[in-house]
Amino acid sequence: MESNTRYWDSIIKPRSSLFDLQLMDVWRYRDLLLMFVKRDFISLYKQTILGPLWFLIQPIFTMTVYVIIFGGFARIPTEGVPAPLFYLLGILTWSYFLDCLNKTSNVFRENQSIFGKVYFPRLIMPLSIVLSSLVRFGIQLFLFLLVFIYFWSTGSDIGPNSYILIFPIFILCTACLGMGLGMIVSAMTTKYRDIAYLVAFGSQLLMYATPVVYPLSFVPEKYKPIIAANPMTQVIEGVRFGLLGKGHFELMNLLYLGVISVLVLLIGILTFKQVEKTFVDTI
Amino acid sequence: MSNVVIDVKGLGKAYQLGQFSTGTLANDVKRWWALSRGKEDPFLKIGEANDRSKKGDSDIVWSLKDISFDIKQGDSVGIIGRNGAGKSTLLKVLSHVTSPTTGVVKVKGRIASLLEVGTGFHPELTGRENIFLNGAILGMSKLEIKSKFDEIVDFSGVERYIDTPVKRYSSGMYVRLAFAVAAHLESEILIVDEVLAVGDAEFQKKCLGKMGHISKGEGRTVLFVSHNMSAVTNLCTQGIVLRNGQMEFNGSIQGAMQSYLQQFSESQTQVNYTPETGPGNESARLLMAKVSGAKKKDVLRINESLLLEFELAVNKQFSGECLDITYHLVDELGNLVFVATTDSHIDCKGKFKTAASCVIPPNLMNTGIYNISRLLLVRNKGQVLTEFNDIIQFELVEQEKQELGWRGQKEGIVKPDLKWVIS
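Chains as they are written, first to last, in this note's numbering: chain A, 1 to 283; chain B, 284 to 706.
Certain hints may be false.
Said to hold, decoys possible - Here are the simulated BS3-like pairs of lysine-lysine, each with C-alpha atoms no more than 30 angstroms apart in a straight line: (1) B:580 / A:273; (2) B:489 / B:499; (3) B:499 / A:38.
Stated by the list, open to error - Which bits of chain B does chain A cover? Going by a derived footprint, with three or more residues having C-beta under 8 angstroms, they are: (4) 383-389; (5) 431-437; (6) 561-569; (7) 603-612.
To be clear, the hints were calculated from the coordinates, so they are not data collected in a lab.
This structure is a prediction, so every number in the text was calculated from the model and none was measured.
A virtual CB, placed ideally from N, CA and C, is assigned to each residue, including glycine.
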């Protein structure tokens, strides 16, 4: 008999080694990845009149409310940046993270009917979520651009600096963090769902531990290290610094952010891979 | 043996029964602790064979146990067994959807599995978009789908609706489109689970034809699960029989069919239960079911009448409502022979024991093994209160004095006693 493993194309065993990530398999299914992204995009606003405009209406409303509540009533400073612009950038970046996190953490439960019937690399699903959200984020950036041009041409003291070049890295880190954390949560909730409920409202509260509605400089010195330890703080401060020229960011922060993001993503993928093989039996 | 494409060794799959909640958490911790010290899983030791009708002592059942076989290139293998025998679990493990608990499966070539038609169809997308999506889910590349697109649409016969969202499709059209995509997969191994029980007769014939073409014409390896025995015998050359998670037979399809039918031939012409332990639910429980022959009680002949008797304990009050008893009689291939319902309503005042009996006239059914597949207690002619499955089986044998003509295998379900006039 063929005892050499080269002969076989795949071997199904109870457990495989921890670092067998089968990334080649993911590449082979890249067409499926794009189909899922397309499906998400097309199906989301079918039978609506405004269509993809809904991508923009949501942040506009949120921004307006924040300008009134946090800027108007609470009088939280925005470091000289026009309040709408300040909040909008925070909201967009944060909601991209939140989107990745929330959707990825439900990935097993939402897709159990597909996962239970067909094999394809399960990693395709979280990846498609991150990409779909990225498309949405990209469209929303146009809105930001419009608001930016308006304030810039009316003489506000804002302007991008060289850090704008690493903007894609910030977004990549956000995607890694959201997807990584989401995968850890999804892996922990296939059998017992308790943590899913915690994450659902916890992620809402987490926004207040991130400088979305306030600048980092507004935080009392005592709490600054805690807030700064949150990797999403570094993302939002860095993005603000690069695009608006306000705030505070150093290369050391970028290093910290990069290490944490890669670590979270790696742990996420490893736990996800451990669970994906048998979760259909317990979910 | 260079052409083995699937090699299965010592395959086992254990499932945990019941609900998952705080109670099962302690067990999970114990298991994790044992496994992390490199010990054997303590819960798998107490697992037992999967017999769904008997109450067990353990929460762990082996849906599959010690399954070993290999399949060669170009074989078409039928996997048969009764409900809960482990057929679907085996297909799930083979198609990579879930991992086995023990054992190894080695596969040569690409497997495409069709455990359900239309997996991943999105109701909001059009037929065209769904062909691409579903094809990609099943493992086809965009180019492959593009090159086969016209063929797929043609096979499905829904061309007119191809740019309409599939939620507007009739269920038949939906299934046609879904099967059409799957039928055009180009994998070396195809796994199909009872998907043919859909669509109208014309389309079923088309599907079977396509399957036959895949296995015989193109020489690809096909694994096929179905309760439709005639489809299995037509399509497959090899057969594997599963029973309660264990492999009972592996060999030619004829041998497999015989082994499968033997599971039924262990005739059980009478069952008795007590009111506490009988099958059923809180509405009613089965006390007794029995079939007997007119002359000799234990030999049932086709030219003699049969007496069927049932006894139920009804545990709820249904005053002023009408109750019926209905049963389905099927032959050994699962074909429904007839459905019979009590012709007068059962008197239902208070809790009571009810007995019903009927006579099946002589010269009605052919020889063979028959099974009361369902016995129903029906309320107000619509609501099924209790359903009992597979309660008794019996074998009808030839009459003592043989008639002229063919004496080989059974032909036809009915065998009426016809009066001939030859002039």
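Consistency of the hints with the structure:
| no. | hint | result |
| --- | --- | --- |
| 1 | B:580 / A:273 | violated (62 angstroms) |
| 2 | B:489 / B:499 | holds (15 angstroms) |
| 3 | B:499 / A:38 | violated (38 angstroms) |
| 4 | 383-389 | holds (count 7) |
| 5 | 431-437 | violated (count 0) |
| 6 | 561-569 | violated (count 0) |
| 7 | 603-612 | violated (count 0) |
Hint compliance for this structure: hints 1, 3, 5, 6, 7 are not met, and every other hint is.
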